Amino acid sequence: MKQVSYRLADLAARFGGRVLGNADTTVSQVSTLDSAQAGHLTFLASGKYRAQLAATRAGAIIVGVADADATQIPRIVCDNPYAYFAKVSAFLNPVPQAVPGIHPSAVIGDGAQLDPSAHIAAYVVIGAGASIGAGSVIMEGCSIGAGVTIGVNARLYPRVVVYHDCVLGNRLIAHSGVVIGADGFGIAMDEGRWLKIPQIGRVVIGDDVEIGANTTIDRGALDDTVIEDGVKLDNQIQVAHNVRIGAHTAIAGCVGIAGSTTIGRYCRIGGSAGILGHLQIADYVEISSFTLIGKSIREPGSYTGIYPFSKNDEWRKNASHLRHLDALADKIKLLQQEIEALRRKD
Amino acid sequence: MKQVSYRLADLAARFGGRVLGNADTTVSQVSTLDSAQAGHLTFLASGKYRAQLAATRAGAIIVGVADADATQIPRIVCDNPYAYFAKVSAFLNPVPQAVPGIHPSAVIGDGAQLDPSAHIAAYVVIGAGASIGAGSVIMEGCSIGAGVTIGVNARLYPRVVVYHDCVLGNRLIAHSGVVIGADGFGIAMDEGRWLKIPQIGRVVIGDDVEIGANTTIDRGALDDTVIEDGVKLDNQIQVAHNVRIGAHTAIAGCVGIAGSTTIGRYCRIGGSAGILGHLQIADYVEISSFTLIGKSIREPGSYTGIYPFSKNDEWRKNASHLRHLDALADKIKLLQQEIEALRRKD
Amino acid sequence: MKQVSYRLADLAARFGGRVLGNADTTVSQVSTLDSAQAGHLTFLASGKYRAQLAATRAGAIIVGVADADATQIPRIVCDNPYAYFAKVSAFLNPVPQAVPGIHPSAVIGDGAQLDPSAHIAAYVVIGAGASIGAGSVIMEGCSIGAGVTIGVNARLYPRVVVYHDCVLGNRLIAHSGVVIGADGFGIAMDEGRWLKIPQIGRVVIGDDVEIGANTTIDRGALDDTVIEDGVKLDNQIQVAHNVRIGAHTAIAGCVGIAGSTTIGRYCRIGGSAGILGHLQIADYVEISSFTLIGKSIREPGSYTGIYPFSKNDEWRKNASHLRHLDALADKIKLLQQEIEALRRKD
Chain R
63 MKQVSYRLAD LAARFGGRVL GNADTTVSQV STLDSAQAGH LTFLASGKYR AQLAATRAGA
123 IIVGVADADA TQIPRIVCDN PYAYFAKVSA FLNPVPQAVP GIHPSAVIGD GAQLDPSAHI
183 AAYVVIGAGA SIGAGSVIME GCSIGAGVTI GVNARLYPRV VVYHDCVLGN RLIAHSGVVI
243 GADGFGIAMD EGRWLKIPQI GRVVIGDDVE IGANTTIDRG ALDDTVIEDG VKLDNQIQVA
303 HNVRIGAHTA IAGCVGIAGS TTIGRYCRIG GSAGILGHLQ IADYVEISSF TLIGKSIREP
363 GSYTGIYPFS KNDEWRKNAS HLRHLDALAD KIKLLQQEIE ALRRKD
Chain G
63 MKQVSYRLAD LAARFGGRVL GNADTTVSQV STLDSAQAGH LTFLASGKYR AQLAATRAGA
123 IIVGVADADA TQIPRIVCDN PYAYFAKVSA FLNPVPQAVP GIHPSAVIGD GAQLDPSAHI
183 AAYVVIGAGA SIGAGSVIME GCSIGAGVTI GVNARLYPRV VVYHDCVLGN RLIAHSGVVI
243 GADGFGIAMD EGRWLKIPQI GRVVIGDDVE IGANTTIDRG ALDDTVIEDG VKLDNQIQVA
303 HNVRIGAHTA IAGCVGIAGS TTIGRYCRIG GSAGILGHLQ IADYVEISSF TLIGKSIREP
363 GSYTGIYPFS KNDEWRKNAS HLRHLDALAD KIKLLQQEIE ALRRKD
Chain Z
63 MKQVSYRLAD LAARFGGRVL GNADTTVSQV STLDSAQAGH LTFLASGKYR AQLAATRAGA
123 IIVGVADADA TQIPRIVCDN PYAYFAKVSA FLNPVPQAVP GIHPSAVIGD GAQLDPSAHI
183 AAYVVIGAGA SIGAGSVIME GCSIGAGVTI GVNARLYPRV VVYHDCVLGN RLIAHSGVVI
243 GADGFGIAMD EGRWLKIPQI GRVVIGDDVE IGANTTIDRG ALDDTVIEDG VKLDNQIQVA
303 HNVRIGAHTA IAGCVGIAGS TTIGRYCRIG GSAGILGHLQ IADYVEISSF TLIGKSIREP
363 GSYTGIYPFS KNDEWRKNAS HLRHLDALAD KIKLLQQEIE ALRRKD
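Chains as they are written, first to last, in our numbering: chain R, 63 to 408; chain G, 63 to 408; chain Z, 63 to 408.
These are computed hints drawn from the structure, not numbers from a lab.
You may find that some hints are simply not true.
For identical chains, the list gives no copy identity; a pair is met inside one copy or between any two copies.
Computed cross-link-like contacts, BS3-like style, restricted to lysine-lysine with a CA-CA straight-line distance of at most 30 Å [as the list claims (entries may be wrong)]:
id	residue 1	residue 2
1	K110	K373
2	K379	K407
3	K149	K258
4	K395	K407
5	K393	K407
6	K110	K379
7	K393	K373
8	K407	K357
9	K110	K149
All figures in this text were calculated on a predicted structure; none of them were measured in a lab.
Only chain R is shown next, with the shape it has when bound in the complex (with noise of 0.2 Å):
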């Protein structure tokens, strides 16, 4: 891909900042400080990476204001040096727009609805009744179902599958492998059988939501399952039947939302993390990594739930420990009964 220069001056007249140093340094490409050349725009977002500052190559790097004159590297200083790098990186690196037009290959059932300016790739397979908004981009393989609505400027990558009507919002990026409106996990046990219960609920998916590589979202059993917008899931998390996702919450690879559980606006939830079905996460919740939620959240604030990790040898002697925690705290208890039978007899 040719990469296209820009001045400091244009890049400051476009995303605000003020520029210290030669405004007219051009740069084409962003790079992280080890990495960046000349022609590179680098940043600092963290100060535990001022160190490197001295080595960079970097043509021109991103500043906070407290580090404006840290380097004297050419430089745009402002307010949230990562978030100026988000936007710079996304007008440096466009994503490719759809080329309007559908595969002679792909399969399209009766009714549906494709939008003139959408791109449907090969072997792509599109139900009945589907609706397809303007600008989506369906990549090879994908499967959507009978009477699912997509938005606008939506990119589903190659093997996405959605089932039959669940609505997916404007601007969805849906990683490859992803699942969107499989049948929850719903069975009730009649005289030693396990009976199926039919999920009749759907997903319904807002705007500017992105999910990542196969990571499985279950319709509803009978109201819908619900990601809010704004919401961003990272690869292989699963989320069960009537779960609901709060707007602008961001999860990490890995984690399970058991079903019927709600989890609030803006929160952040670390890799591996697990969340219980039928419990309530407040807004503003912060999981760590590898941490079970057992029961409701109804504060803000940091929750972790996990075991330290030592050598081997010292986890198994200190974990022995862990099913006589009763016992210990017991013993104290009667320690104290008996220093305090030794000090009144004093």
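Given the structure of chain R, go ahead and fit chains G and Z onto it with the hints provided.
Okay, now just chains G and Z, sitting in the frame of chain R:
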């Protein structure tokens, strides 16, 4: 989908139970207590939802014997309301029948035997000598390896992959992204390099099994991996080579089961749990979510090993002692001895 | 598949080792101690299976030097029976050769370079400028992005997706559902909304790598994500952007590795383990299943952090103290002081 209406009297005639209130009340769909409208049949499966009874606008309700008089809504009284609801819902929401036939784009290998009543969708690839039973539905983009056998009335959702020679039972439901029969993780270290151990076993799956989206079941190294009748697997489960899962066991999402472990019948395993390899788990064992089972379980019962979460600061303060629990226990022993010594002096 | 028979003498001539008993004994397949029949070669890789020796009906067996006389069955004595077995099994069960050619349904982009000896199956889509090496097999429904390079004798099972510009080494095995090069999880908060950070790095994979079903490896944010030679990844592993995995490291199923972490060579990581981002893991580190690594590991060795499971009631009783461990430790300190005071009074 047009919904047909039924009288409560019709449902009771078909599924049993006793009607209280107007038996001519008609319902066309099932719903939750919260969302139900006139024409909807809801259910009360657990006492903890009894408070919602007063507010429901459902046309009718399924209740247990203990709740026969807890409401005046027209109702069906039965022993197991949740199972009753499952049966009525399946009756009101029948799975679409297979439309017999093979899409012209399907690629069918030599000697494959496809029952004429089976449905083979677009872009399906079926290997040589495979066999698909009556009424089975193989949806778009599935890949069925050479020599695979699939029973009757199975349903493979889009983009399921089954490797060669696996055997899948009657009425199997496999959701999108399922991979059955990929190579198990068999490697042997030899002079600084891993050698691959050919995985020459199969996956053999019984009748009435359901497998959730993106779940993987590896083929056996030498003998087979076996999933018995009636097993229900949720999404994103990993079943390693030579595992055996006993009949009617239900496993929630994101569970990992390591190689050569045998799980009994009627077990229930919570989400994101793990089971190490070469273990034996008895029948009727319940394993909590997020619990690692590191040795065999010989007795039925509920087993748990979860680190409790708390506010991050409190967790940090408390967890710091876990690396010194052994020293703490030693200290307590010493205190006991010192108290004993003081006592003797008295 | 018809199996060819070999004499033990032939195998020893090819793979080394010493034959004891009748060297003309022929075998055509490998098997477990339990399942082996006449004509089968089994192996004893660990002393703990020695008790099964008496009952095996195997025609021949591979044993270590220490077990040379533990049985009278015709046998091959060698230094590493498990590796020996791997070699013989690979010899008896060769991977089917690629049938050169491109299925007429494959969609090939402009300028793609496909070696004439490669096999491109039905419904494969290959992007512009991609290159596939000699003897490689791309099975049905794979999606190979523009500019991707794949080495020689690679095997991509059905429905693998490789995003644009990734580089895959020689003899790569990628199982179904693998997604290589999807966008890493890079987002920046800006005035209440997440901005997407373009992921402009690649995934670069060395030679002799195997990747299990539904594993995902994200492309780098700016620099590349790197998997070195000989790495073996099991199913459903999540490798985040800018991770580097050192040569010959083996990782079991369901592991999650967060962004920018570097793992050394010859590490072994157990199932469902997790490694936080921006960490350094030394060579020859072993990490137990279900363990979260939250800080860098500088020394080789085995590391563990698992909460031990027990019967649910006992767990509850014991775990309740974990939220008060700090108070418990304080109490013990106080007891010490009180005992000290009593002692001084004496």
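What hints, given by number in increasing order, does this structure fail?
-> Violated hints: 2, 8; rest satisfied.
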